[in-house]
Amino acid sequence: MRKIFLILTLFLLFFQAGCWNAREINELAFVLSVALDKTDNGFKVTAQIAKTETYSKTPTGGASSAVKEKPFWLVSSTGKSIFEAVRNMAAVSSRRIFWSHIKVIIMSEELAKGNLQEIFDFFSRNPELRFRTWVAVTQGEAGKILDVVPIMEKDPSLNIEKIIEKTNLTGKACGIMLKDFLEKYMDHYTNPVASRIVLTTQGDKTVVKLDGAAVFGSKKMAGWLNENETRGYLWVTNKISGSVRVINCPYDGLPVTLEIKKGKTNIKSTITNGIPQFTITAETSAKITEKACLTEFRDPQSLHGLEEVLASAIRKDIESTVTAAQNFDSDFLDFSSVLHRAHKTEWNTLSANWPQLFSKSEVKIHVKARIPEVSLLAKSLVPIEASGEK
Amino acid sequence: MNQGKETISTNQFTAILVCCTWPTIINYGSGFLARAVGHDMWISGIMSVLTTLLFVITIVYIGRKYPGKTIVEYSKDLLGTFLSKLLGLVLTVYFTLRAANCISMYIHHLTDFLLTETPFLVVTVLHIAVVCYLLWKGPEVIARMGIIAFSLAILFHFLVFLASLSEINFNRLLPFFGPGIINVTKASFIADSFVGINQIIIAMLLPLVANQKKALRSAAAGVSIGGAFFVFYFIVELMVMGPQVVALMRIASMDFVRSIQITQYLHRFESFMVALWYWSMLVQAGILIYCAQKAFVQTVGVKKEKTNKILVFAFGIVIIILTYFLAYDRVFFLNYREFKWQYLALPVNYGLPVLLLLFMLLKKAIHAIRHS
Numbered sequence: 001m002r003k004i005f006l007i008l009t010l011f012l013l014f015f016q017a018g019c020w021n022a023r024e025i026n027e028l029a030f031v032l033s034v035a036l037d038k039t040d041n042g043f044k045v046t047a048q049i050a051k052t053e054t055y056s057k058t059p060t061g062g063a064s065s066a067v068k069e070k071p072f073w074l075v076s077s078t079g080k081s082i083f084e085a086v087r088n089m090a091a092v093s094s095r096r097i098f099w100s101h102i103k104v105i106i107m108s109e110e111l112a113k114g115n116l117q118e119i120f121d122f123f124s125r126n127p128e129l130r131f132r133t134w135v136a137v138t139q140g141e142a143g144k145i146l147d148v149v150p151i152m153e154k155d156p157s158l159n160i161e162k163i164i165e166k167t168n169l170t171g172k173a174c175g176i177m178l179k180d181f182l183e184k185y186m187d188h189y190t191n192p193v194a195s196r197i198v199l200t201t202q203g204d205k206t207v208v209k210l211d212g213a214a215v216f217g218s219k220k221m222a223g224w225l226n227e228n229e230t231r232g233y234l235w236v237t238n239k240i241s242g243s244v245r246v247i248n249c250p251y252d253g254l255p256v257t258l259e260i261k262k263g264k265t266n267i268k269s270t271i272t273n274g275i276p277q278f279t280i281t282a283e284t285s286a287k288i289t290e291k292a293c294l295t296e297f298r299d300p301q302s303l304h305g306l307e308e309v310l311a312s313a314i315r316k317d318i319e320s321t322v323t324a325a326q327n328f329d330s331d332f333l334d335f336s337s338v339l340h341r342a343h344k345t346e347w348n349t350l351s352a353n354w355p356q357l358f359s360k361s362e363v364k365i366h367v368k369a370r371i372p373e374v375s376l377l378a379k380s381l382v383p384i385e386a387s388g389e390k
Numbered sequence: 001m002n003q004g005k006e007t008i009s010t011n012q013f014t015a016i017l018v019c020c021t022w023p024t025i026i027n028y029g030s031g032f033l034a035r036a037v038g039h040d041m042w043i044s045g046i047m048s049v050l051t052t053l054l055f056v057i058t059i060v061y062i063g064r065k066y067p068g069k070t071i072v073e074y075s076k077d078l079l080g081t082f083l084s085k086l087l088g089l090v091l092t093v094y095f096t097l098r099a100a101n102c103i104s105m106y107i108h109h110l111t112d113f114l115l116t117e118t119p120f121l122v123v124t125v126l127h128i129a130v131v132c133y134l135l136w137k138g139p140e141v142i143a144r145m146g147i148i149a150f151s152l153a154i155l156f157h158f159l160v161f162l163a164s165l166s167e168i169n170f171n172r173l174l175p176f177f178g179p180g181i182i183n184v185t186k187a188s189f190i191a192d193s194f195v196g197i198n199q200i201i202i203a204m205l206l207p208l209v210a211n212q213k214k215a216l217r218s219a220a221a222g223v224s225i226g227g228a229f230f231v232f233y234f235i236v237e238l239m240v241m242g243p244q245v246v247a248l249m250r251i252a253s254m255d256f257v258r259s260i261q262i263t264q265y266l267h268r269f270e271s272f273m274v275a276l277w278y279w280s281m282l283v284q285a286g287i288l289i290y291c292a293q294k295a296f297v298q299t300v301g302v303k304k305e306k307t308n309k310i311l312v313f314a315f316g317i318v319i320i321i322l323t324y325f326l327a328y329d330r331v332f333f334l335n336y337r338e339f340k341w342q343y344l345a346l347p348v349n350y351g352l353p354v355l356l357l358l359f360m361l362l363k364k365a366i367h368a369i370r371h372s
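Those sequence lines, one after another, are chains A and B.
Residue numbering for the first sequence follows my numbering, starting at 1 and increasing by one per position.
Residue numbering for the second sequence follows my numbering, starting at 1 and increasing by one per position.
Be a bit skeptical, because a hint or two may be false.
[Unchecked claim] Away from chain A, derived, C-beta distances all over 10 Å, residues of chain B:
| hint | residue |
| --- | --- |
| 1 | F113 |
| 2 | R144 |
| 3 | F177 |
| 4 | F232 |
| 5 | Q244 |
| 6 | G301 |
[Unchecked claim] Straight-line C-alpha distance at most 30 Å; calculated DSSO-like pairs for lysine-lysine:
| hint | chain 1 | residue 1 | chain 2 | residue 2 |
| --- | --- | --- | --- | --- |
| 7 | B | K304 | A | K3 |
| 8 | A | K3 | A | K80 |
| 9 | B | K137 | A | K3 |
| 10 | B | K309 | A | K3 |
| 11 | A | K166 | A | K261 |
| 12 | A | K3 | A | K162 |
| 13 | A | K3 | B | K214 |
[As the list claims (entries may be wrong)] Using C-beta positions, here's what the derived DEER-type ranges look like:
| hint | chain 1 | residue 1 | chain 2 | residue 2 | range |
| --- | --- | --- | --- | --- | --- |
| 14 | A | E362 | B | F158 | 42 to 52 Å |
| 15 | B | L355 | A | G42 | 29 to 39 Å |
| 16 | B | Q212 | A | I271 | 31 to 41 Å |
Source of the hints: derived by calculation from the structure; they are not laboratory data.
By construction, the Cβ of each residue, glycine as well, lies at the ideal position given by its N, Cα and C atoms.
Please model the entire structure based on the sequences and the hints provided.
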């Protein structure tokens, strides 16, 4: 019996080489990000592939370095479907396209306003792709975004990924991962919001910037959110902490810059005569990081005035977002989930007319702002007036 | 195959039951349950564990009345020879099918995510060869392996916890009982089709447990710990991905693991997680085939040790064929496992203990009447 086992084991060893799935690293083309555009017959897929030979040798800051060769290769192909377009890349790429390290999916506005299912079906079925991939939309041609060599990073994907991860610093843009995008997309009542990427110039260089957000309606893109509306969205979704807000000093109208140290928003719902009402309560704790106004905020009365102005500014941001959501007929603020959680029984009857009810819903906004921190200074940076003494 | 009397300790018994409870339900079960009741799938899971615990108590109670006998053996006393043979054959088929299900899920995990180009049959044959080797060594070796698998399961869940921390959103679990208590209870039958086999496994393994006095406690601990594992996994999976995405996926557990990371430095660790999960799947498959073989042997009355050894090969080949026919076609397997399997599983898991209990009580009553 032992002999049989030995023979069997030796025989089975031949299957252990793993040849079927052998993917040598030097035979793979690592896609770092992908851009999707619409064509007359389907899709144009642009993949940003790391050039393994030059990638490791390229110092950080591709555009500013002396290295002339880009550490990545942009390859485009077209097809009736995304998968066909990706497979068509094999005609020009000697290496197998490998999706595991993809960081960003960028789609053009034109494509996003079409059928989203066509786009995301491929990405949700792909076993190599991670659901932590960021999703973004751009107004022009998506492929062009990937051609911009960043100033500080090696390649566009790393640059865009880091910018998205730091959106909370500006509070003017947002980021969404594929898993969260799919969650909102799959939900019958709520809708996703994705990053908006634009090209801008810094001196003579073209750079990529995150500005505002793209709002999706029922299964396709509905429109854009501007900076204020995006900030309101971040407030409502509790993603604002760490951002800045510049307001005008209530005493002399000069700008005061505040860092939002902590921002917490609660949404409560009630139903009156079958119409849902929402109360958004935002609480924030901010810190004065810069001010041009001459007011001394050590005086609690003065500081309270500034807190009132901050609260009012936040209220306006949230109001503008709610108005945008109702105008787009897109519940990207998750009001339906709030209503469902709070009024489980009523939701069963209300849900059938949710789109109509959502646009009719009354939204009250309460903001409570505190500024307990004034940075390192004990008083304003104002030259001391001459008093005759030294 | 081991000679002499086979025994397992109570800890090993607990570990085996843990391994038989959590790994398959997190694999395919989370998708089934999310499609049925969305974010309340974890409540259905808890209901299923509680139901199973009730039946565990029942089956241990019956088993203790017939010390040293498996369900197939004592059913002869309760149901008579013919019905006991029938029950033995039903259990043989049931355990064999369940083993094929378990193996199919593992094979799908490998062939659909990690070894996408390796032929299905190759992975199947290799995996079943390992399971059969374990079976060849006997239940004590499977039980010892169970202890290792249990330890790795703890590590698995600890890593899941760590990796999910930054992504969890409690609101994704609310409102509780959203689809209604009846629907959530109905969905617990889906979880039962995964978890409920424990009481039948206990009925087959009980004679092996060295300390019969502690058998109930260790059986209940095994089901409870295994249940806690998968309910925890469900909750975290829901809080990270949301019920819509879990429902979208065929094998949501793998997509979940692909969606989490431990800080910025330990990501893409799904292969590592599969390695931790594998041991429990291996133990489960080993125990299921052992139970199938044991039920067959006791039904047909095989006594020769050599025949038992041949049976290991025979069962291995049968399960390779079954796995291929059940699971090669993913659409067929998904439909069969999601919608058809419970019609076989639930009557066996719950009907059988109830039937045996009724016969036992009836027999007792008749005995009491006769003596009075």
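Here's how the hints hold up against the structure:
1. F113: 5 Å, violated
2. R144: Per Cβ check, R144(B) is outside 10 Å of chain A; nearest 20 Å; holds.
3. F177: It is violated; F177(B) is separated from chain A by about 8 Å at its closest Cβ, not greater than 10 Å.
4. F232: Fine: 19 Å to the nearest Cβ keeps F232(B) off the interface.
5. Q244: Given a closest Cβ separation of 4 Å, the condition is violated.
6. G301: 24 Å, holds
7. K304(B) x K3(A): 22 Å, holds
8. K3(A) x K80(A): 57 Å, violated
9. K137(B) x K3(A): OK: K137(B) and K3(A) at ~16 Å, within 30 Å.
10. K309(B) x K3(A): 15 Å, holds
11. K166(A) x K261(A): 15 Å, holds
12. K3(A) x K162(A): Violated, at about 59 Å.
13. K3(A) x K214(B): Not OK: K3(A) and K214(B) at ~41 Å, beyond 30 Å, violated.
14. E362(A) x F158(B): 42 to 52 Å: 47 Å, holds
15. L355(B) x G42(A): 29 to 39 Å: For L355(B) and G42(A) the Cβ distance comes to about 60 Å; the hint is violated.
16. Q212(B) x I271(A): 31 to 41 Å: 59 Å, violated
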